Each structure stands twice: as C-alpha cells, then as structure tokens.
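J.: This is what each chain is made of:
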Amino acid sequence: MRDDPVAIDNLKTLVLKSTLKILSSRTKSPSLTEENARLGIQLLNCVRILTRILPYVYESDAARAWEEEVFWQPQQMSTFQKYAKDVGDYLEPQENLGVQLVDALLELLFYTGFTLPWSDTPPQDSRKGQITYGLWQSGIACDTTVITTRELESRRTEIMQLILVLESKGIYVGPGEYINTEVQAVQHIVQHPDKRRVQALLCSLLNTIIKYHPDSWLPFDPRNPQGDSWRELHVRTCLQFLLVNILNRAPWRDEGRDKNEFRLQFSYLHKPTHFQFLADGIFKILRQPLEPSANVLSMGLKSSALASEMVLLLWETIYTNKKYRQYIVKSGRALDLMVLLMYYSKESQMEGIGRVCVFCLQTLSAEPSFGQSLNRSFDAHNTLPVSIQVKNFHGQYSDYFITVSEI
Amino acid sequence: MDASFWSVSLMAIINNVAPEVTNLARATSSKLMQTFARMAKPSFLLASELNVALMVALMHAINAFIECRAEEPSNVNLLYAVWRARSRFQALRELCLVDMEDLTTIGAQSSTSPPSLRSSPDGSTPTAHSEKAKGKQPFVQQNVSPEVMRKLADIPLHTPLTLIHNVNEQISSNLDADADQEPMTPIDSRRSSFASTRGPDRAPSDVLQIVHEFGLMGIEQRKPVVDVFRFQKSIAGLYASFYWGLLVASDVRRANDSGKGIWVGTDIKLFKIKAGQVQGPSLWSPWGAVDAVGESLVAGVRDLTLKARKSLNGEGT
Chain A
1 MRDDPVAIDN LKTLVLKSTL KILSSRTKSP SLTEENARLG IQLLNCVRIL
51 TRILPYVYES DAARAWEEEV FWQPQQMSTF QKYAKDVGDY LEPQENLGVQ
101 LVDALLELLF YTGFTLPWSD TPPQDSRKGQ ITYGLWQSGI ACDTTVITTR
151 ELESRRTEIM QLILVLESKG IYVGPGEYIN TEVQAVQHIV QHPDKRRVQA
201 LLCSLLNTII KYHPDSWLPF DPRNPQGDSW RELHVRTCLQ FLLVNILNRA
251 PWRDEGRDKN EFRLQFSYLH KPTHFQFLAD GIFKILRQPL EPSANVLSMG
301 LKSSALASEM VLLLWETIYT NKKYRQYIVK SGRALDLMVL LMYYSKESQM
351 EGIGRVCVFC LQTLSAEPSF GQSLNRSFDA HNTLPVSIQV KNFHGQYSDY
401 FITVSEI
Chain B
1 MDASFWSVSL MAIINNVAPE VTNLARATSS KLMQTFARMA KPSFLLASEL
51 NVALMVALMH AINAFIECRA EEPSNVNLLY AVWRARSRFQ ALRELCLVDM
101 EDLTTIGAQS STSPPSLRSS PDGSTPTAHS EKAKGKQPFV QQNVSPEVMR
151 KLADIPLHTP LTLIHNVNEQ ISSNLDADAD QEPMTPIDSR RSSFASTRGP
201 DRAPSDVLQI VHEFGLMGIE QRKPVVDVFR FQKSIAGLYA SFYWGLLVAS
251 DVRRANDSGK GIWVGTDIKL FKIKAGQVQG PSLWSPWGAV DAVGESLVAG
301 VRDLTLKARK SLNGEGT
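Chains A and B are the protein sequences, given in the same order. Take the first sequence: its position 97, counted from the start at 1, is 97 in my numbering, and no numbers get skipped. Take the second sequence: its position 127, counted from the start at 1, is 127 in my numbering, and no numbers get skipped.
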C-alpha cells in the first residue's frame, strides 16, 4: 500500500474527508449529545480514522510534504470543495486547515454533554451542548466536585490521542533535524492565543493526573486482568499530552519562538494548597514501589507503568516553578524525594529516566536549604528496599546520599 | 562511559550541598577518599580528559566541604581522612608538576603503581627511574595527550595540601616539644613514625584534635559556588527523543496487550541515533555535565524501544 499511487490518493481523500467532517460537526451541529448520538459517533469515527492513518502519512517524506502543504499552508476553498460541497459553511478561508482542526479538537475536549458533564441548571429537554472553559476534574482552579463517567473520559482520551498524533510529526525526522523542525500542531497549542483555553487544559490535565488513585481500583480481578484499563489509559494519555506540551522546547528562553504558554502558566502557580496537592499526587505514584503493598503483583506493574512519565513531570515542576521547588524543600519532602530519586536511578541503571532523576537532584541541590536538610539523621533507613540500602548504615541523609550514589 | 557522566553530575550535587553539610560520618569521609584514591591512579587519570574532569569535579566537591566552613570546621572526619590520604595527595601533586617529556614515561609506568610513591622524600621527580622502568614494562601506554596534561593543572589541590602541611608541621612540633620534655623516650623511632608520610598513624583522637585546631590555618573561607543545572538547546532534541520514546514504548506495550497501537509499525526516525551522530558542545563547556546527559538519555530510549519491540515480536522481554 505504501508504494501504490492510487492507494495514496485514497488515503489523502480519507484524511481530508475525515478532517472536514470533524470541522463540520463541531460548527454545524448544536449538540453532540445523547439526543444527537449519531453525530457524536460519526465524529469519533473520524477521530479514530485520522489517529490510525496520520502516522503513516508522516512516515513517508512525500506524504508528509503533502500534509505540510494542505494542512499548514493557505489553500483555495476549491481545494476542499471536491471533498465536501458545503465547506463554505464552516471552513475559515483565512486560516490553515491544520489550525482549524487543532482548535476544533481542543474545543471538543470541553464540550458539555460530550466530554464535560451537564451543568445542573438547564432542564433536561432544553439542554444544548456547548463549548466551555469548565474543568474535567476538581483541584487546581476548581473547588467543586466534577462528575465524570467512562464515556466522557474515553472520548477525551480518543481526542487527545489524535492531537498527540498531530504533535508527533517530529518523531519522523532524524535526531539532528528535530530541534529545527517546526511541528505546527505543537507550536499552535503551546502558543495558543486563547490563554483561558490553555489554562482550562493545563488544569484539567494536572487535576486528572494528580487525583488518580491507582490502588483504589484494586483488588485485582482475575476476570478483568486489565483492571479499569480505560481509566488508566485516560490518565496516561493526560500525562503524555501534558508532557508533550509543557516540555516542548527547552526552557532556555521564554519568548519568541520558544515561548510556551503551558510552562509559563505553570510557573505562575504559587498557592501552598496547590503545591501540596501537586506534591501529594506526584509522590503518591512515585512512592508506590517502596511501599509494603508493592509486593502485590498487579499494583507493582501498574505503578511502574506511570512512574517514568511522573518523574518527567516532577522534574518539569521543580525546574519551572521556583516557588514549588522551595516548597518541596521547606516542607521536608525533599529528603523522601531524594531517596525516591535514588531508587529510580538505581532501578534504571542510571540511564534514561535515571538521568532525569539526576536533573531533579541537581536542581534541588541548588537550594541552600536542601543541603541543610541533609544534616538530619536518617533513622528509617532499614525500611528501604534492599536495592537502595547501605550495609551497616548509620548516619545522616548526607552520608546516605554520598554512600548510596557510589560516585 | 556512562558511569563517568553519572559521577560528574553527582559530584556537582555534592559540591552544591557541601557548604551546608556538617558532621559527615567517618565512613562517608573514607568513601570520598577511596573515590579520590581510585581516580588519582595515573593509569586512570592520564587515560582521558574526561577522567581529569572527573577528578577536578571531585576535588571541587571535597574542597567545598572544607573551604566553605574554613572558619568553623564542621567536618573533622573528612579533614582527618584527607590527612590520612596525604601520600596520595602528594603523589598527585608530583604527577601534576612533571613536564611533558616525563609524562610519556609515567604513562608507560602507569600499569603498576603511581610513580610518585617511589619518588624519594627529597621531592625529586621520578624521571630517574623512568628509563629502567620503561624497559621492564610489558604494557607501554604511549602518548598521554597534551590536552590531558594541560587539564592536570586544573585539579585544585591547594587546600588539601595546605591542610596536610599544617597537620604534619603541628605533629612535628608537638614531637619536638615531647622530645624536649621526655628525654627518656626513644626519640628516633617516634620521630620517624610521625614524620614519614607512609608511617603508621598517630592515635586518631590526638590527630583529630590537631586537625580540628590547626588543619585549616591559612585557608580562607569562601562563598559557595553553586553548579546549577541548565538546560541547553543542544540536548533539547535528545530530551524530546526521550519523552517521545516513553510515549511510543507505552504505545507498543498497549498494542501488545490489546492490539491497539498508534505509532507501532511506523518508521520512527527520531530514535535512530547512532553513537557520535549527535554533536553537542564538548564536555568541557561550562555546563559539561548537562550535555553528557544527552547520550545516556538516548541510550535509555534505544533500550526502551528495543525492549518494547522485542516483546511485541514475541522475542521475550
């Protein structure tokens, strides 16, 4: 199929028809909700088709060049009219198709009755689905409980997966070219002109990730070995989607082409309650393998599956937000964190995620109060997993760190 | 190779916390000195620029413990451990002082013991032994690079050498005083045991006291120098390949479990990284430890995706 010109043409048709269908259902229809379930299903099918096909488009240099042109360069309306006659009704002629697709998908992530629960106020028969700035989950920037269902979460997952695919175009260039390759979807999202949209997305993602309690869905059920896999997939997709956006471009400069609205907004967080919420959630996942119950097979596997991504998030949070970093050190959590980071470094044989653990440690160590806190006596050493115990240890955290790091 | 990168970063961390750390345990202090001893061996030190950089980083870290609290010594176990390792420090100083011509011959001897251990106490260089030694060595390591030699001068040895000198002086003067007071004691044997750099050590409590009181005379207290982690553009691509690697690896796992994968089966070029293909700034740039990170991150991704693919193809995990 990859070399057949007819097949390639059909592929392009499918891509464009699916894209236009998504754009039309977002603007033409008043609602994607239960009353209009057929439309919602059609829309999700288009999302699935694009998620499946676009990686193959990006993989081929020729097809990727076609995508660059049709999605990210200005086009005549006539280009699209052969795929859908009514494009004039919903396509913005001044805007690139790619930007419109990304914006439509971002809005669909916040659509009442489709990806957000109904608010209680309107009576059932007069409900009208709409795009809002509501959050998926309570936590930062939202104090009231948000109802969530499997359907809402699964739809968000599928839409995020498509956005991730659009953002993944960069993995189809070599490592040397990557930094100079502009992935338009990423650029558009991280520098999105609607700051409230970014805020709603950032807080929704953070809150969903942080509030995840993997252990509360146990015990292990042999009839359902995957557990509540849709929720785990949802949380993992949230975490990956957050990472791809917040980590884009290294933070050597916060302006111009390298500006990142996600990172910027994250750096504004300053309330101790938010910091506590973040720290509790991140530590909860990271601490799992060190807890006695980690012997339970299913749980050990589950936690390790999210831990690497969580270490990346941890590093981003302490690197980007100085106040959060100081909170971690001054609240006394840094010592636990040091032990956790040593654990993950050792587990990874100091490669990959182990390196990121060292970034974290070096960033923490630049805080003078971190050094001071190391003078505390490390009495709980015996409770550590064997892999990070030091034989005949007695001393302070500083002694532990220097000894266990095996410089 | 990666172990070295790990070490460079860890030494930066130790350097950062050292000014605040007090009461380092005896075992920890010995551990630091064991690391020093291992890295001070000419066979290790002269082998590459990286190794010299490691030694520089280690000495910065050790000095930070001492110099940032020079007015109020608070890590006496470490000071004592430095004094105990005096012969190694002195040997390293001699190694750093010899000129280019000598270095080639030291390289030749390096497979046995540090040459300076065999040097005479009057401070003469080991050149006199070199011709003979060269002839006897089955393994001859030629050409210690000029870069390595130039880097040797960067190893900051002043503080430990001052400390060692102070303590030795004080021990000698105490001995002289003792000798004056106690004429019946067999002076010669005692004197030699303390004056010799390789002789048995004096009772630790005595020396600890001396180290504490006199060790840091003439060493000026300095402000901490923090080695901050800085992201730089050159590793952004590598970091991206790492987090995308995590995404793709989890996608492969999912495909394995449920048959639903997204990127599985496509030809991802970002992870096709060959050693040396990505050129960052050298390890000697100011943020050296950072770009060292790059290669090992990539090693992590390669490993991750390889494992995932293998398990997908049923080749075992």
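The reader is advised that the hints may include incorrect statements.
[Said to hold, decoys possible] Taking lysine to any residue and the SDA-like style, the derived pairs with C-alpha atoms no more than 20 angstroms apart in a straight line are:
| no. | chain 1 | residue 1 | chain 2 | residue 2 |
| --- | --- | --- | --- | --- |
| 1 | A | K322 | B | F231 |
| 2 | A | K259 | B | F231 |
| 3 | B | K260 | A | W230 |
| 4 | B | K260 | A | E59 |
| 5 | A | K323 | B | S48 |
| 6 | B | K260 | A | R150 |
| 7 | B | K31 | A | W230 |
[To be verified] Chain A residues, not near chain B, derived (Cβ > 10 angstroms throughout):
| no. | residue |
| --- | --- |
| 8 | P5 |
| 9 | R52 |
| 10 | L91 |
| 11 | G113 |
| 12 | R150 |
| 13 | R236 |
| 14 | K284 |
| 15 | E309 |
| 16 | Q326 |
| 17 | L361 |
Treat the hints as calculated values from the structure; they're not laboratory data. Just so it is clear, the structure is predicted and the values come from calculations on it, not from any experiment. Ideal Cβ positions, reconstructed from N, Cα and C, are used throughout, including at glycine.
J.: For each hint, tell me whether it holds in the structure or not.
T.: Against the structure, the hints:
no.: 1; hint: A:K322 - B:F231; in the structure: holds, 15 angstroms
no.: 2; hint: A:K259 - B:F231; in the structure: holds, 15 angstroms
no.: 3; hint: B:K260 - A:W230; in the structure: holds, 13 angstroms
no.: 4; hint: B:K260 - A:E59; in the structure: holds, 19 angstroms
no.: 5; hint: A:K323 - B:S48; in the structure: violated, 41 angstroms
no.: 6; hint: B:K260 - A:R150; in the structure: holds, 18 angstroms
no.: 7; hint: B:K31 - A:W230; in the structure: violated, 49 angstroms
no.: 8; hint: P5; in the structure: holds, 19 angstroms
no.: 9; hint: R52; in the structure: violated, 8 angstroms
no.: 10; hint: L91; in the structure: holds, 27 angstroms
no.: 11; hint: G113; in the structure: holds, 26 angstroms
no.: 12; hint: R150; in the structure: holds, 16 angstroms
no.: 13; hint: R236; in the structure: violated, 7 angstroms
no.: 14; hint: K284; in the structure: holds, 20 angstroms
no.: 15; hint: E309; in the structure: violated, 6 angstroms
no.: 16; hint: Q326; in the structure: holds, 15 angstroms
no.: 17; hint: L361; in the structure: violated, 5 angstroms
Comparing the model with each numbered hint stated earlier shows that hints 5, 7, 9, 13, 15, 17 do not hold.
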